[in-house]
Amino acid sequence: MEQRVEIPSDGETLVGTLFRPDGAEGPLSTVVAAGGWCYTKEIVLPHIARIVNEGGVQFLGFDYAGFGESSGKRRQHLDPWQQISDYKNVISYVEGREDVDSDRIGAFGISYSGGHVLILAASDPRIKAITSVVPVVDGYSTMKRVHGETRFADFERAILDDRRARSVGEGGKIAFATLNPSEELSVWPFPRIHEVFHQVKESEAPLHEHWSTTESAELLLNYTVFPYLSRILDKKVLMVVAEGDNITAWDLEIDAFNKVASPHKRLEILPAVSHMSLYSERADTNVAGQLARDFFREHLIS
Numbered sequence: 001m002e003q004r005v006e007i008p009s010d011g012e013t014l015v016g017t018l019f020r021p022d023g024a025e026g027p028l029s030t031v032v033a034a035g036g037w038c039y040t041k042e043i044v045l046p047h048i049a050r051i052v053n054e055g056g057v058q059f060l061g062f063d064y065a066g067f068g069e070s071s072g073k074r075r076q077h078l079d080p081w082q083q084i085s086d087y088k089n090v091i092s093y094v095e096g097r098e099d100v101d102s103d104r105i106g107a108f109g110i111s112y113s114g115g116h117v118l119i120l121a122a123s124d125p126r127i128k129a130i131t132s133v134v135p136v137v138d139g140y141s142t143m144k145r146v147h148g149e150t151r152f153a154d155f156e157r158a159i160l161d162d163r164r165a166r167s168v169g170e171g172g173k174i175a176f177a178t179l180n181p182s183e184e185l186s187v188w189p190f191p192r193i194h195e196v197f198h199q200v201k202e203s204e205a206p207l208h209e210h211w212s213t214t215e216s217a218e219l220l221l222n223y224t225v226f227p228y229l230s231r232i233l234d235k236k237v238l239m240v241v242a243e244g245d246n247i248t249a250w251d252l253e254i255d256a257f258n259k260v261a262s263p264h265k266r267l268e269i270l271p272a273v274s275h276m277s278l279y280s281e282r283a284d285t286n287v288a289g290q291l292a293r294d295f296f297r298e299h300l301i302s
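Counting along the sequence shown from 1, when you hit position 257 you're at 257 in full-length UniProt numbering, and nothing is skipped either side.
Treat the hints with care, as some may be off.
Subject to a maximum C-alpha distance of 30 Å in a straight line, what follows is the list of computed DSSO-like cross-link-like pairs (lysine-lysine) [said to hold, decoys possible]: (1) Lys265 / Lys201; (2) Lys88 / Lys265; (3) Lys201 / Lys88; (4) Lys144 / Lys265; (5) Lys128 / Lys259; (6) Lys259 / Lys144; (7) Lys173 / Lys144; (8) Lys173 / Lys201; (9) Lys173 / Lys73; (10) Lys201 / Lys73; (11) Lys259 / Lys88; (12) Lys73 / Lys88; (13) Lys259 / Lys73.
Distance windows between CB atoms, simulated [what the hints assert, rightly or not]: (14) Glu298 / Asn180: 42 to 50 Å; (15) Arg74 / Thr150: 28 to 36 Å; (16) Ala153 / Arg50: 49 to 57 Å; (17) Ile301 / Ser92: 41 to 49 Å; (18) Ala283 / His198: 19 to 27 Å; (19) Arg163 / Gly23: 28 to 36 Å; (20) Arg50 / Arg157: 39 to 47 Å; (21) Arg4 / Glu183: 35 to 43 Å; (22) Leu267 / Asn180: 31 to 39 Å; (23) Arg164 / Arg97: 31 to 39 Å; (24) Ile301 / Gly172: 44 to 52 Å; (25) Asn180 / Ile301: 44 to 52 Å.
In case anyone wonders, no lab produced these hints; they're calculated from the structure. The model shown is predicted, which means the values in this text are computed figures rather than measured ones. The beta-carbon is built from N, C-alpha and C at its ideal position, and this holds for glycine as well.
Please work from the sequences and hints to get the whole structure.
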């Protein structure tokens, strides 16, 4: 069963889809989830949700403020701390639902939101278990790698120019990804990202827009999960990493996993899955979904 829901969040209205297992009765363990860079709730999350439902767990995927169906005057603006606040407000919403077991709430995140759920695990005591898939764990290190020394200097210069423009009310936007990284600046300079997300927009996520505010890129440079990892003491943590991932950097992800203080953690490294095949190949999406299903079933139901 799928239900459209509206959720208040810091003066905006978030729109989400609640996926409930067929034939379920009474309050259920529930997982809240949002997406990565410029995602709408139709990207990946419904496929993960239906697999998680197989484990008897509800799943609520939502659009951040400013994205998809959610309200927000400033469109396509990624403020990670506002996005984390949106997650927390969604948790407050599900706590009040009669069909939710408020003592058994989890969170799922992928790519940028994969980092967000690590911060959630550290900062929100209502979270019992998280699944973090190919997470962004340090924006500065990741951006410097993916752009390379010379192009990273151009990236920083564009961000500084935008800050000056914003001081007089003229902030601009930047591409999510591009087919010509040497000619056009983007946040994620991988032609494959451009190809896959445009395919996804045509097939299942028509509200996806392939750009963000340039200020979003500046906020990404100052984003890191590392100060929070020692605070994750008693939460159940699953991290799923794609071997050789050169987009969100699998070695940085493994370093972050090793710094999670909780002994209740599990790392899965997928050798035959890439960052982008999680979106383009349903069999690879299913692998991540099945790992999440089994983990949430074990730690939110058992």
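Do the beta carbons of arginine 164 and arginine 97 sit within 31 to 39 Å of each other? Cβ of arginine 164 to Cβ of arginine 97: about 46 Å, so the range 31 to 39 Å is violated.
Against the 30 Å threshold, does the CA-CA distance of lysine 259 and lysine 88 hold or violate the hint? Between lysine 259 and lysine 88 the Cα gap is close to 23 Å, so the pair holds against 30 Å.
Can the restraint linking lysine 128 and lysine 259 be considered satisfied, given a maximum Cα separation of 30 Å? The given pair, whose Cα atoms are some 18 Å apart, holds under the 30 Å limit.
Outcome of range test on Cβ distance (leucine 267, asparagine 180; 31 to 39 Å): holds (36 Å)
Given a hinted range of 35 to 43 Å, is it respected by the beta-carbon distance of arginine 4 and glutamate 183? holds (41 Å)
Does the Cβ-Cβ separation between glutamate 298 and asparagine 180 fall within 42 to 50 Å? At 45 Å between Cβs, range holds.
Hinted pair lysine 265 and lysine 201, Cα distance within 30 Å: Cα-Cα ~34 Å, so violated.
Is 44 to 52 Å respected by the C-beta to C-beta distance linking asparagine 180 and isoleucine 301? holds (48 Å)
30 Å limit on alpha-carbon distance, applied to hinted pair lysine 173 and lysine 73: holds (15 Å)
Hey, lysine 259 versus lysine 144, does the alpha-carbon distance stay inside 30 Å? Since the Cα atoms of lysine 259 and lysine 144 sit roughly 22 Å apart, the hinted pair holds (cutoff 30 Å).
30 Å Cα cutoff - pair lysine 73, lysine 88: With Cα atoms ~21 Å apart, lysine 73 and lysine 88 stay inside 30 Å; holds.
Tell me if the beta carbons of isoleucine 301 and serine 92 are separated by a distance inside 41 to 49 Å. Since isoleucine 301 and serine 92 have Cβ atoms about 22 Å apart, the given range 41 to 49 Å is violated.
Checked against the numbered hints above, the structure breaks hints 1, 13, 16, 17, 19 and 23 and satisfies the rest.
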